[in-house]
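**Student:** Okay, here's what each chain looks like letter by letter:
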Amino acid sequence: MNVQAWTFVMVALSFALYIGIAIWSRARSTGDFYVAAAQVSPVVNGMATAAGWMSAASFISMAGLIAFMGRDGSVYLMGWTGGYVLLALLLAPYLRKFGKYTVPDFVGDRYYSQVARIVAVICAIFISFTYVAGQMRGVGIVFSRFLGVGINTGVVIGMGIVFFYAVLGGMKGITYTQVAQYCVLIFAFLVPAIFISLFLTGNPIPQLGFGAVLTDGSGVYLLDRLDGLGRELGFATYTDGQKGMLDVFFITAALMAGTAGLPHVIVRFYTVPKVWQARSSAGWALLFIALLYTTAPAVAAFARANLLTTVSNTPYREVPSWFTNWEATGLIQFEDKNGDGIIQYTGPASDIPNELTIDRDIIVLANPEIAGLPDWVTGLVAAGGLAAALSTAAGLLLVISSSIAHDLVKKTIRPSITEKRELLIARITAGVAVIISGYLGINPPGFVGEVVALAFGLAASSFFPAILLGIFSKRMNSHGAVSGMIAGITFTSLYIAYFKFLHPELNTAEHWWLGVSPEGIGTIGMALNFLVAWVVAAFTEPPPLEIQQFVEEIRVPRKS
Amino acid sequence: MQSSGEKREYWKRNLTYVGALLAIWFLVSFGFGILLVEPLNRVRIGGFKLGFWFAQQGSMYVFVILIFVYVRLMNRLDRAYDVHERDEQEDAT
Chain A
1 MNVQAWTFVM VALSFALYIG IAIWSRARST GDFYVAAAQV SPVVNGMATA AGWMSAASFI
61 SMAGLIAFMG RDGSVYLMGW TGGYVLLALL LAPYLRKFGK YTVPDFVGDR YYSQVARIVA
121 VICAIFISFT YVAGQMRGVG IVFSRFLGVG INTGVVIGMG IVFFYAVLGG MKGITYTQVA
181 QYCVLIFAFL VPAIFISLFL TGNPIPQLGF GAVLTDGSGV YLLDRLDGLG RELGFATYTD
241 GQKGMLDVFF ITAALMAGTA GLPHVIVRFY TVPKVWQARS SAGWALLFIA LLYTTAPAVA
301 AFARANLLTT VSNTPYREVP SWFTNWEATG LIQFEDKNGD GIIQYTGPAS DIPNELTIDR
361 DIIVLANPEI AGLPDWVTGL VAAGGLAAAL STAAGLLLVI SSSIAHDLVK KTIRPSITEK
421 RELLIARITA GVAVIISGYL GINPPGFVGE VVALAFGLAA SSFFPAILLG IFSKRMNSHG
481 AVSGMIAGIT FTSLYIAYFK FLHPELNTAE HWWLGVSPEG IGTIGMALNF LVAWVVAAFT
541 EPPPLEIQQF VEEIRVPRKS
Chain B
561 MQSSGEKREY WKRNLTYVGA LLAIWFLVSF GFGILLVEPL NRVRIGGFKL GFWFAQQGSM
621 YVFVILIFVY VRLMNRLDRA YDVHERDEQE DAT
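Taken in sequence, the protein lines are chains A and B.
Residue numbers 1 to 560, in the numbering used here, belong to the letters of the first sequence in order.
Residue numbers 561 to 653, in the numbering used here, belong to the letters of the second sequence in order.
Extracted from the complex, chain B is given alone in its bound form (with noise of 0.2 Å):
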């Protein structure tokens, strides 16, 4: 097992991954689908206004991307810092 201040260290890495990933998730729901909702609507996209689409579409398709960000980022972090689970057979990751 690793030292107590690479543990440190690994939990720092995933609160800025954690911080990062939030603010963009904050961007597109809070910030673009109810904020921002109003200029953005002035900007039209095919038969969408920018603002309803974040609203009814685009935020949840950017949820879904930022979980499976997160996976990544943080099966690579834990391989890093090896803090990953060990199995018999090796997962597929």
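For reference, chain A alone in the conformation it holds in the complex (with noise of 0.2 Å):
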């Protein structure tokens, strides 16, 4: 069997998984529907958090991004993981108390407010679909890439399957559909990590590979030697930082405030039966989680390893097939600019011109053919990317349907409802979110990279400020919290917006505010959220009695 044939066999048994989890699994009631009638074990809510916190973005994309950032690409790393210890010990349990379905919901009730309950919904469908369309992106490279379908057809298969277990199984069905897709998805990326660094340091713990000594009999360092070839090719110093040190601080504090404020991966909290079981759930999700990340800069090194030796100076005649492949579609190129038929593939550092330009999200699809392995790798790869990218397009569906359903119709416009016809509106609502993101897919807008930015920076300035202060302070009233939200907001999408789509020329390290990176000035913007906010309530009337109550009764595990 081909690379190909083995990729349909894979993803064909994983689709025909989730499709019969679906199945066995469907929701009959609002309560299934929106958070799985709060009966998932803490382990099992775990991997499901892990599955749908981990995007095509952290399996496709992260490792070759640290492959080519070097220790920069440790704000993705800690940023997206040490916001779940903020989940874990500011949130999670608090919201698990408060036990209802959504993150408007929280905001709205706590506030006493509809404005900010609205505001809440429209933070939280904006971040959603911008998140989702990335995702059916992602399901149509690996289509394209591996069964040779185009990238639409393949976007359209991707819609079918989110569409049928999303919309029957809502949060239930999701649930356990995720923690199939952490299983195939860890499995995915973990195998390959393993046979790499037992082939490049006879070590088979990535974690461990990764500094160790090589096994080619030089007797060197991993680390060192990727140092020494950046040094000698031109490329910065691997193991060196980039970017200056308070941006690289404010951008991991971004990402983790962000990850905190994030209304797909906060609702999975609500999901557990009891307070404690959201703490220990969050614990059991950076655990499944950090299974990948703490893998992904072990891959991103033995990639860049792997790369640097074998494509550097080898003639164009000699090189892998992998290379011709990828070549095909067009994320290698390669432009023999001296005519000297060899590849010279150089940094900014050195004289010679750098001859080739390499795609970082194919490094880890591309990384067992470098590696030299089997075919059926490939194939689980090809399963896995589609399994990350599925889980969180599902999560990040239901989102957007339980915030217009139930926040928007049922808590604003017709509060008469009957459950039945809410749980069909939340299945319509999904069903047409399905077709949004899958057009969004389709015709990606240009910025959908760019707009990631924007949606961690929005949710860490107004989601997380907004949570926290409602959970911690029992002064902060509506006033402040609303004009924290709103000046959170707007100084951040503002900054964003100048520098991403105004000016992106001047999208530079000497133009920044403060050498602030679009990336990290949701640090900023979170900031001001908690300034504006404590100096409107200081000068506003506290909060009416029964909310203070309602304070007084999220922080306590039982229920009085």
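In case anyone wonders, no lab produced these hints; they're calculated from the structure.
Fair warning: this is a prediction, and the values are worked out from it, not measured in the lab.
Some hints could be false.
In silico SDA-like links for lysine to any residue, alpha-carbon gap of 25 Å or less [claimed, not checked]:
{"no.": "1", "chain 1": "B", "residue 1": "K572", "chain 2": "B", "residue 2": "A640"}
{"no.": "2", "chain 1": "A", "residue 1": "K243", "chain 2": "B", "residue 2": "N635"}
{"no.": "3", "chain 1": "A", "residue 1": "K559", "chain 2": "A", "residue 2": "I471"}
{"no.": "4", "chain 1": "A", "residue 1": "K559", "chain 2": "B", "residue 2": "L587"}
{"no.": "5", "chain 1": "B", "residue 1": "K567", "chain 2": "A", "residue 2": "I428"}
{"no.": "6", "chain 1": "A", "residue 1": "K243", "chain 2": "B", "residue 2": "Y641"}
{"no.": "7", "chain 1": "B", "residue 1": "K572", "chain 2": "B", "residue 2": "L595"}
{"no.": "8", "chain 1": "A", "residue 1": "K274", "chain 2": "B", "residue 2": "K572"}
{"no.": "9", "chain 1": "A", "residue 1": "K274", "chain 2": "B", "residue 2": "L587"}
{"no.": "10", "chain 1": "A", "residue 1": "K97", "chain 2": "B", "residue 2": "S563"}
{"no.": "11", "chain 1": "A", "residue 1": "K474", "chain 2": "B", "residue 2": "G591"}
{"no.": "12", "chain 1": "A", "residue 1": "K100", "chain 2": "A", "residue 2": "A509"}
{"no.": "13", "chain 1": "A", "residue 1": "K97", "chain 2": "A", "residue 2": "K474"}
{"no.": "14", "chain 1": "A", "residue 1": "K97", "chain 2": "B", "residue 2": "G579"}
{"no.": "15", "chain 1": "A", "residue 1": "K559", "chain 2": "A", "residue 2": "E541"}
{"no.": "16", "chain 1": "A", "residue 1": "K97", "chain 2": "B", "residue 2": "D642"}
{"no.": "17", "chain 1": "A", "residue 1": "K274", "chain 2": "B", "residue 2": "F586"}
{"no.": "18", "chain 1": "A", "residue 1": "K97", "chain 2": "B", "residue 2": "E645"}
{"no.": "19", "chain 1": "A", "residue 1": "K100", "chain 2": "A", "residue 2": "I428"}
Label pairs and their computed distance ranges (CB to CB) [said to hold, decoys possible]:
{"no.": "20", "chain 1": "B", "residue 1": "G579", "chain 2": "A", "residue 2": "P415", "range": "38 to 46 Å"}
{"no.": "21", "chain 1": "B", "residue 1": "R573", "chain 2": "A", "residue 2": "N325", "range": "56 to 64 Å"}
{"no.": "22", "chain 1": "A", "residue 1": "G20", "chain 2": "B", "residue 2": "I605", "range": "43 to 51 Å"}
C-beta: ideal position from N, C-alpha, C; glycine also.
Both chains are sitting in their own frames, so use the hints and assemble them into the complex.
**Tutor:** In structure tokens, the structure reads:
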């Protein structure tokens, strides 16, 4: 069997599994649909959270990003895991105690204000659509590279699958398919990593192989070899940082707070039965996430080393077959500038012009081929990439559908609606959202990559402070919270829009305010939110007594 | 249900735990992985420079441990102040 046949088998098997689970676990009530009737065990919920959290970006793009960024890649590693500490210690247990269905639910009830609720609904929908478009795109790329169908057909197939289990099963179906998807994606990520670690360093554990001596007989450590090769070819030293320290600090903080404020992550903690389980479930989620996240930087270093040694200074006629395969997709480009037929792959500090362009997204997908692993591993990686993209897409679609059916229709427009109607509306909205996100996947707005920064910035500068203050400050009132959210969102989105859309040519360190990049500005937006909220709350009347009691109530686990 | 004084005490203990654990959280990530990365890089453990290791490995291990420590501390605290959730079938904590 060749790569394509293996990929087909792996993908078909995994899809059959998801569909089977969806049929077995379909939703019967709105409680089932929104929060799986709050009956999910913490370990299962942790696994589902991990799958929902790790998107196509984590699975496909992150290791590649790190391979090209070196130490600076740690902003993603620390930022996207450190947020779970904030979630577990500051948000998850209290939101579980509050025990309703959505994030706007909490904001609306705690701040006794429909304005606050609607601001929250808009943020939730915007953040989720931003994200889901990227997932659908990832699905399309995997299909087109490995199964030889067009990107558009790939997106349509992906839409069909998500439609089936998200619309039918709601949160219940999503939870159990996400568990299966986690198993597929982690297996697919670890298998090639272990093989490559063994080949390069003789150590089967990638996290240790990362810091081990190479097996080529040189007695040199992998990371020292990378630093040396980098210097030789004019790239930055792998274990050194290129970004300013302040910027790295702010980006990491924005990603952490953004992670803790993302609605599709928070809502997962409504699905466990008890408060202590919400705490431990965040721990399990992070454990399952860390399994991939601590492997990713090792994969990045292995891939970088393989790439520099196999491609650089190789005659073009003798390149391995993976090189020509990916060249066909346009994601690898070779331009023989000096006409010597040899690939010169060099960095900005070298005198020799660089002749090779490599898209960062192919690192994980091409890794098994680069390392010469058997074809079934490549098929497995394709199925893993799809699992990562589909599981995240489903969680996001649910946020969109519950925001509209529950927060907008039930809580704002028509409170008299029956549960059966609400469930129907939730299903229809989920269906419509699948179609819109599929459309966005086929016709991606040019700015999908850019708006991810916006999504995290917005979550960090809006939800995170509003929820945190709602729990830890009894004095915080609706005026403070609403003006804080609006100030944070406005500042952050204007800053990002200015550098990403209005004046992309100015998007360099010397023009940034205080040297903070658009990726890191959410941290300042968050600080602004806190500041405005405190000042406004200090000059307006405290929240009503029943709200202060509500805060007292969510701080203790037992119902009184 | 317990008095409001006891509730306040419970909340204060919780805040102490959260504060202490977040201090460690800050130290290993923002401290060792970002602010102190260069001086720590002068120390080597095997093939790793220590600052680099904290930035790409160590901080994440500590994060996982921190959450489970918090879970244990709070489970004990909930019981000590008798605010844990009771159930028909006793939960395994």
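**Student:** Please flag the earlier hints that this structure goes against, numbers listed from lowest up.
**Tutor:** 2, 4, 5, 6, 7, 9, 11, 12, 15, 17
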